[in-house]
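Novice: Sequences listed follow chains B and R, in order.
1 is the number of the first residue of the first sequence in the numbering used here; add one for each residue after it.
1 is the number of the first residue of the second sequence in the numbering used here; add one for each residue after it.
In short, the hints are calculated from the structure, not lab data.
Nothing here was measured: the structure is a model prediction, and the numbers come from that model.
Hints are not guaranteed to be accurate.
[Claimed, not checked] 25 Å max Cα-Cα, derived BS3-like pairs, lysine-lysine:
{"id": "1", "chain 1": "B", "residue 1": "Lys62", "chain 2": "R", "residue 2": "Lys310"}
{"id": "2", "chain 1": "R", "residue 1": "Lys378", "chain 2": "R", "residue 2": "Lys408"}
{"id": "3", "chain 1": "B", "residue 1": "Lys62", "chain 2": "R", "residue 2": "Lys297"}
{"id": "4", "chain 1": "B", "residue 1": "Lys62", "chain 2": "R", "residue 2": "Lys187"}
{"id": "5", "chain 1": "R", "residue 1": "Lys41", "chain 2": "R", "residue 2": "Lys17"}
{"id": "6", "chain 1": "R", "residue 1": "Lys187", "chain 2": "B", "residue 2": "Lys72"}
{"id": "7", "chain 1": "B", "residue 1": "Lys72", "chain 2": "R", "residue 2": "Lys195"}
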Amino acid sequence: MRHVLSLLLENEAGALSRVSGLFSARGYNIESLTVAPTEDASMSRMTIVTTGSDDVIEQITKQLNKLVDVVKVVDLSEAPHIERELMLVKVRAVAKDREEMKRMADIFRGRIIDVTESSYVIELTGTQDKLDSFVGAIEPALVLETVRSGVCGVGRGDRVLKI
Amino acid sequence: MVLTGAEIVVRCLQEEKVDYVFGYPGGSVLFIYDELFKQDKVRHVLVRHEQAAVHAADGYARTTEKVGVALVTSGPGATNAVTGIATAYMDSIPMVVISGQVPTAAIGMDAFQEVDTVGITRPCVKHNFLVKDVKDIATTIKKAFLIAATGRPGPVLVDIPKDITAQKCEFVYPDKVVIRSYHPVAKGNGGQIRKALQLLTEARRPLVYTGGGVILSNAAEKLTRLVQRLNTPCTNTLMGLGGFPASDHRFLGMLGMHGTYEANMAMQHCDVLLAVGARFDDRVIGNTADFMKEPRKIIHIDIDPSSISKRVKVDVPIVGDLGEVLDEMIAVLENGEHRQELSATEPWWRQIEDWRGRSSLAFKNSDDVIKPQFVVEKLWEVTGGDAFVTTDVGQHQMWSAQYYRFDKPRRWVTSGGLGTMGFGLPAAMGVQLAHPGAPVACITGEGSIQMCIQELSTCKQYRLPIKVISLNNRYLGMVRQWQQIFHGNRYSESYMDSLPDFAKLAEAYGHVGLQVTKPGDVEAALREAFGRKDDLVFLDFQIDPAENVFPMVQGGKGLADMILSAEDL
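Start from the sequences, fold in the hints, and give me the full structure.
Specialist: Take a look at the structure:
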């Protein structure tokens, strides 16, 4: 089962490697991991997408809570939540493909944020599925590179992760 | 008061009432050593290898209720300490290790004796710190002691660059520190405690299984009261020995891979299992699937939530300090909330006595060759069962656990989790310093002792009258035993050729050495050794090289599937 874990952790050198080290040392999966400081500069917020049985997810949560730098852990996927990911795709855009790429970007509500004679960079946000679909919908030979941020998540409504 | 970083380090140790620091100097810690030189409150013990410094701090911590402290230099000083740190981590021993680091400006430059100590130790510490500002030294050390000693204890490393120890700042030692993300639970959930007592008082086949947590949380007395009150059988893990008195008839001995028949059978067939500060590890329950095929209710008390339902699913989890939880369990029982029909467990006790009747620890003694079990039994007799016993790792460790019957906690010092050969002698140094005048035995083998034998020199310098009981069978015995059973008697690299004359070696270090070859001389040799109150005596017992440790549960097999003696092979 896929789970989205959201963490608050001390914004300190080494905190990230404590988390990633825990996953590799205990053989847990990481599908994606994103981290950045929060409005409180002393803390970072991390979103980890992982897969595992309920027992494994329970262990992951407990082990994360045990790390001294980890302030709080929630499993966002236990309740209604929102996920978003940002993707930048650089595509070849020449001749008739130029029109086609513009149209595809519009359909997926993407934005073209860089234009050259032969290429576009398309910015797209959405769920993992949406980004996957976009990549699937365009001609593979035209994709020059893709960069994805990994999933960010937040609980809906009153669910707030804060100390 | 304005002090240098090095002065602050030493002042912090004084504030923490540290009486011994085990260490080894080097370039990056010179300022700290200079400050140690100028005072006499914190005594420094100079070991001969950093691994031994950490093991000595470990032995000190295990037999006191204090945090062990080690001090090492950067680079090889820190890497040598890693085995000791990992040993302490696996057994949850409270410890603070201070390591020197190259100057801040040199970090990352591949400087002389530079290593990423915080990175290397991260997977084997409870927490670690790199101090980057002299103003942070005092609070960091305060935090280190707090984290090491509270919750599930463990080693904490503080890495301090050399320039930071030379800089100055105002020194104030904080009375307390708050770490917003660190709040170990102490009190257990009352509802869960009542549920547990309901199960235990209604059980037909109850069993209490306890581990190192009971020792670490000083809960042995409370555990004993609870077990006696419930009148249940009790078994200890290797780490838990001494948590329940071995002389009580409710004690079934150690369980697990080399546990007694009655302990393993009871573990497999009980209907309600109370696990206290133990973690169902592979050496204890064998094959998990086989263990779980028997229906039983499991209650698990532990301070570390991640130990609960890790290897086996638990029915009643109780997170909390064992002492507090056991206190509350006893209080609830004494309130008479739960009625217990003591006669309901009579058939279970008869079954247990029947299993006990198999005498799974019986061994054939010999008049010609010394049996290791006999040596440990005699050691128990000669020391009145009241010595501090440290061990190394292997067959001698299991024989010690099986035949030295501990009645008190914090007497038994062994590397259970990591299984570190070379642990015994340095650990005994820490024990002897913590308990001057008390009998301290280091039971070892000719393989293990050579992994830290240089410490005989430290023992001489500090006049530590440890008794080294070497069960010398000229083999890496446990390896040989597995090769005999699982690898068709092919003793690949397990024979110890070219051994030194250990008695003479001990003499070369300035100690007393005795070689014992005849069973008839064992007791006299032990009496002589323990009679020499001021001398380290190295007893080199030439034992039966073919002796194996039984009972034995083979790796991957179920607990009830035991080899009881050589005839079962």
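Novice: Does each hint fit the structure? Answer for all of them.
Specialist: Quick rundown of the hints versus the structure:
1. Lys62(B) - Lys310(R): 10 Å, holds
2. Lys378(R) - Lys408(R): Measuring from Cα to Cα gives roughly 18 Å; hence the hint holds.
3. Lys62(B) - Lys297(R): 22 Å, holds
4. Lys62(B) - Lys187(R): Roughly 18 Å between the alpha carbons, so the hint for lysine 62(B) and lysine 187(R) holds.
5. Lys41(R) - Lys17(R): Cα-Cα ~9 Å, so holds.
6. Lys187(R) - Lys72(B): 20 Å, holds
7. Lys72(B) - Lys195(R): Given that 25 Å is the threshold and the Cα spacing comes to 29 Å, the pair is violated.
Checked against the numbered hints above, the structure breaks only hint 7 and satisfies the rest.
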